[in-house]
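Residue numbers (the numbering used here), protein chains in the order written: chain A, 1 to 408; chain B, 1 to 140.
Hints may contain errors.
Non-contacting residues of chain A with respect to chain B, defined by C-beta distances greater than 12 Å in every case (computed) [to be verified]: (1) Glu82; (2) Arg88; (3) Ser116; (4) Glu173.
Just the calculated beta-carbon pair ranges, DEER-fashion [claimed, not checked]: (5) Glu75(B) x Thr206(A): 26 to 36 Å; (6) Ser136(B) x Ser213(A): 34 to 44 Å; (7) Ala12(B) x Thr269(A): 16 to 26 Å; (8) Ala12(B) x Glu208(A): 48 to 58 Å; (9) Ile36(A) x Arg40(B): 34 to 44 Å; (10) Gly8(B) x Thr206(A): 47 to 57 Å; (11) Ala318(A) x Ala12(B): 38 to 48 Å; (12) Asp11(B) x Val109(A): 31 to 41 Å; (13) Gly20(B) x Arg153(A): 16 to 26 Å; (14) Ala113(B) x Arg108(A): 35 to 45 Å.
Calculated directly from the structure, the hints in this document are not laboratory data. C-beta atoms are modelled at their ideal positions from N, C-alpha and C, and glycine is treated no differently.
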Amino acid sequence: MPDAAGLSFEPGSPRDPVFIGVGELESGRFPDRSFIGALTEVAMRALDDAAMKPADVDTIVLIPNLHSFDDQADLIFSRMVEELGLSREAKSSFMVHSGGSTSDNAVRVVSGLINSGHAETVLVLQAERWGSADLSEMVTMLTANGIPQEWERASGLTFNAVGGLITQRYMYETKSTPEEMASVCVALRKWAQLNPNAMYRDRELTVEKVLESKMITDPLHALECPPLADGAAAFVMTTAENARGRRDAAVRIAGSGGCVSHYTIAQETDLATMGWKVAGDRAWAQSGWKPEDLDFAEVYDSYAAVTTIASEKLGLCADGEGARWFASGATSPGGDFPMNTNGGLLSAGHTGVGGGMALLIEGVRQLLWAAEPERQIDEPRKCLIGGTGGTYMDAQVLLLERTEQGGN
Amino acid sequence: MSEQALSGLADAFNEALAEGRLMIQSCNDCGKPNMWPRYRCPYCQSADLGWKEASGKGTLVSYSVVRAVPPKGFEDQLPYALGVIRLEEGVQLLARLEGDSEDGFDDYECDAAVSFSPHPAEEMRDRPVAWFGLDSGEGP
Numbered sequence: 001m002p003d004a005a006g007l008s009f010e011p012g013s014p015r016d017p018v019f020i021g022v023g024e025l026e027s028g029r030f031p032d033r034s035f036i037g038a039l040t041e042v043a044m045r046a047l048d049d050a051a052m053k054p055a056d057v058d059t060i061v062l063i064p065n066l067h068s069f070d071d072q073a074d075l076i077f078s079r080m081v082e083e084l085g086l087s088r089e090a091k092s093s094f095m096v097h098s099g100g101s102t103s104d105n106a107v108r109v110v111s112g113l114i115n116s117g118h119a120e121t122v123l124v125l126q127a128e129r130w131g132s133a134d135l136s137e138m139v140t141m142l143t144a145n146g147i148p149q150e151w152e153r154a155s156g157l158t159f160n161a162v163g164g165l166i167t168q169r170y171m172y173e174t175k176s177t178p179e180e181m182a183s184v185c186v187a188l189r190k191w192a193q194l195n196p197n198a199m200y201r202d203r204e205l206t207v208e209k210v211l212e213s214k215m216i217t218d219p220l221h222a223l224e225c226p227p228l229a230d231g232a233a234a235f236v237m238t239t240a241e242n243a244r245g246r247r248d249a250a251v252r253i254a255g256s257g258g259c260v261s262h263y264t265i266a267q268e269t270d271l272a273t274m275g276w277k278v279a280g281d282r283a284w285a286q287s288g289w290k291p292e293d294l295d296f297a298e299v300y301d302s303y304a305a306v307t308t309i310a311s312e313k314l315g316l317c318a319d320g321e322g323a324r325w326f327a328s329g330a331t332s333p334g335g336d337f338p339m340n341t342n343g344g345l346l347s348a349g350h351t352g353v354g355g356g357m358a359l360l361i362e363g364v365r366q367l368l369w370a371a372e373p374e375r376q377i378d379e380p381r382k383c384l385i386g387g388t389g390g391t392y393m394d395a396q397v398l399l400l401e402r403t404e405q406g407g408n
Numbered sequence: 001m002s003e004q005a006l007s008g009l010a011d012a013f014n015e016a017l018a019e020g021r022l023m024i025q026s027c028n029d030c031g032k033p034n035m036w037p038r039y040r041c042p043y044c045q046s047a048d049l050g051w052k053e054a055s056g057k058g059t060l061v062s063y064s065v066v067r068a069v070p071p072k073g074f075e076d077q078l079p080y081a082l083g084v085i086r087l088e089e090g091v092q093l094l095a096r097l098e099g100d101s102e103d104g105f106d107d108y109e110c111d112a113a114v115s116f117s118p119h120p121a122e123e124m125r126d127r128p129v130a131w132f133g134l135d136s137g138e139g140p
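Full structure from sequences and hints, please.
Below you can see the structure in the form of C-alpha cells.
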C-alpha cells in the first residue's frame, strides 16, 4: 500500500465533516420492542440531540442487523425513508457492511460524502434483536456465515472458538494468567454499572465469578463470552458549517487507519497481533497524533484478548502487558486512561454489528461532554475508536477530536 | 484450470483426505504453496494451480476446546478440540485435534509439534476435515 495521504478535511473549513448528535436505546432482552420501532425511536433521539428534524437529513446510511434477513431487506429497500417522512426528500438510502467494523467504515464513507458535497447531513441507523432471537439459531447462523462453507465449516468452528484460539495464543505469548484475563471483564463491568443503557448495569462481577463459570471454549469461561443483546444506536454527521450554533461543540475526524489481515482465522499468521500494529501506524501517520495525545479509547471487546491485543499494538500500554494493565485499574472508572466507558460488548451487550456502533457513539458522546455525569470523563478532547469485524479480519482505527463551535 | 463451481474448490483436498492423504494447493508457475484453495495464485495470480502432498508435520499455533454451544449437528461431538496448524511447508489450516493420552486435551500447548492423523474414508466423506495429533517424535 502507498504511504497514507493526509485527510483532505481541514479543521475549521466549512465542509469539515463532524458528528453533531447521537442516540441510543437500552441494550438487553426486549422481545416486545419492534425492530422498525427501535430504529425510528433511535433516529429521533439522535436528531433531537443534534437539534435537527428529519427534514434536515438528505442521506440515510443503514448498519445491518444479523437477526433477520427479512428485516435486512426492509433496511436495504429504504423503509426508514418512509418511516421518517422523507419520501422524495431523501437523496440516498443504503447499507454499509463489514461486520463488527461497519460503523468505522460507515464513518469513512459518510465523511467522504459530506466533504465532497455528495451529502449535507447523514443519519446513520442501527438496530439489532440478538438478545430476543433463538440462541441456537443465532449460533448456527454465525457458524454458517463468515466461516467458509467449503473449507472450515466441517470442523465445527464457532465464534466462541475463534475467541478461544486468539485468547489461548495471547495468554501463551504474554504469560497472562486466567485471573488477569478475567479482570478485563471485571474492569468493563465497572463502566457498565455507570451506563443506564448497559445490559449488565445491575450485576456485579468478580474475578472469582468469571473463573467459576462454565468453560465454553477453552480458555474462555461463559462470563468471558459476549452476551447477545438487543440494542439500537444512531448518529448524525454534517458539515462544520451546518453544525455551527446547534450545540456548544462537535466532533471531527483527525485521521484513520485500517488493516485487513485475513478472512479465515486459520490464515492469520500472527494471532496475538492481527492487524492492529499496521492499522495504528497508518492512523498515527495520517493524523500526526501519538498515543500519548489521547484522553481515552473505545476499542472492540467481544473477547478480552481482542481488546488487550489492540491496546498493546496501538501503543496504549506496554507490549505484552494489556491484561495486567486492565487488571491494574488503569482503564477503569477513576483510572489514568479510561477504556470502553460504556462497558463494552462484554458488559453493555453484544448487539451484533451494533457493538462497534455503541463504542463509537460512546466516544462521540464523551467528546461532546454529554455522557451521564457519573460516567463522563473530565473534559476529554481526543479519543481513539478501534473496531474489527468477522473473525477479527480487520483492524480499524478512527481518531476523533472535540471542536468548539465558532472556535475555528 | 477448468472452470469449477465454488463448492468444487476443495474437492481434491477432500478426496485426498478420504484416501488418508493431506494435500496443499500449489502454483505450477511460481511454485508457492497456498492454503486454502483459491481460483488464482495469491502470489503471482496464475490460474495454473495443482496439488502437492504435504509432509503432515507442523506446529500448533493455537487451540480451543469446544465444550458448549456448538453449531447444529455437532452436539454429539462435544467436547472437541480445534487447532490452527502451521505446516512445515509454511501454510496454515484449521484442524480437529485427537484426544491426548488421557483422552482429554490437557497435553496440548501452543507451539507443540503435531502431525496429520488420517481418519476413515466414510467419516471424511461425511465431514471432511483434517485431524492432527501430538507428534510422537517417530519418523514417518
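Query raised in the report: Per the hint of 48 to 58 Å, is the separation of the Cβ atoms of Ala12(B) and Glu208(A) within bounds?
Result: Taking Cβ atoms as reference, Ala12(B) and Glu208(A) lie about 51 Å apart, which means the hint holds.
Query - Given as non-interface: Glu173(A), which should sit over 12 Å from chain B by C-beta - result: The claim is violated: Glu173(A) sits with its nearest Cβ about 8 Å from chain B, within 12 Å.
Report task. Using the beta carbons of Asp11(B) and Val109(A), state whether their distance is inside 31 to 41 Å or not. Result -> At roughly 38 Å between Cβ atoms, Val109(A) and Asp11(B) fall inside 31 to 41 Å, so the hint holds.
Query raised in the report: Has the hinted range 34 to 44 Å been met by the Cβ atoms of Ile36(A) and Arg40(B)?
Result: This hint holds: roughly 43 Å between Cβ atoms.
Query raised in the report: Arg88(A) clear of chain B by more than 12 Å, beta carbon to beta carbon?
Result: holds, 41 Å
Query raised in the report: Does the hinted range 38 to 48 Å hold for Ala318(A) and Ala12(B) at CB?
Result: holds, 47 Å
Query raised in the report: Taking the CB of Gly8(B) and the CB of Thr206(A), does the distance hold inside 47 to 57 Å?
Result: holds, 52 Å
Query - Satisfaction of the hinted span 34 to 44 Å by the C-beta atoms belonging to Ser136(B) and Ser213(A) - result: Holds, at about 36 Å.
**Report entry** Interface-negative label, Glu82(A) against chain B, beta-carbon threshold 12 Å
**Finding:** holds, 37 Å
Query raised in the report: Just checking, Ser116(A) versus chain B, shortest CB gap more than 12 Å?
Result: holds, 33 Å
Query raised in the report: Taking the CB of Gly20(B) and the CB of Arg153(A), does the distance hold inside 16 to 26 Å?
Result: For Arg153(A) against Gly20(B), whose Cβ atoms are near 22 Å apart, the range 16 to 26 Å holds.
Query raised in the report: Would you say the C-beta atoms of Ala12(B) and Thr269(A) sit inside 16 to 26 Å of each other?
Result: holds, 24 Å
The structure is inconsistent with hint 4 alone, although it conforms to all the rest.
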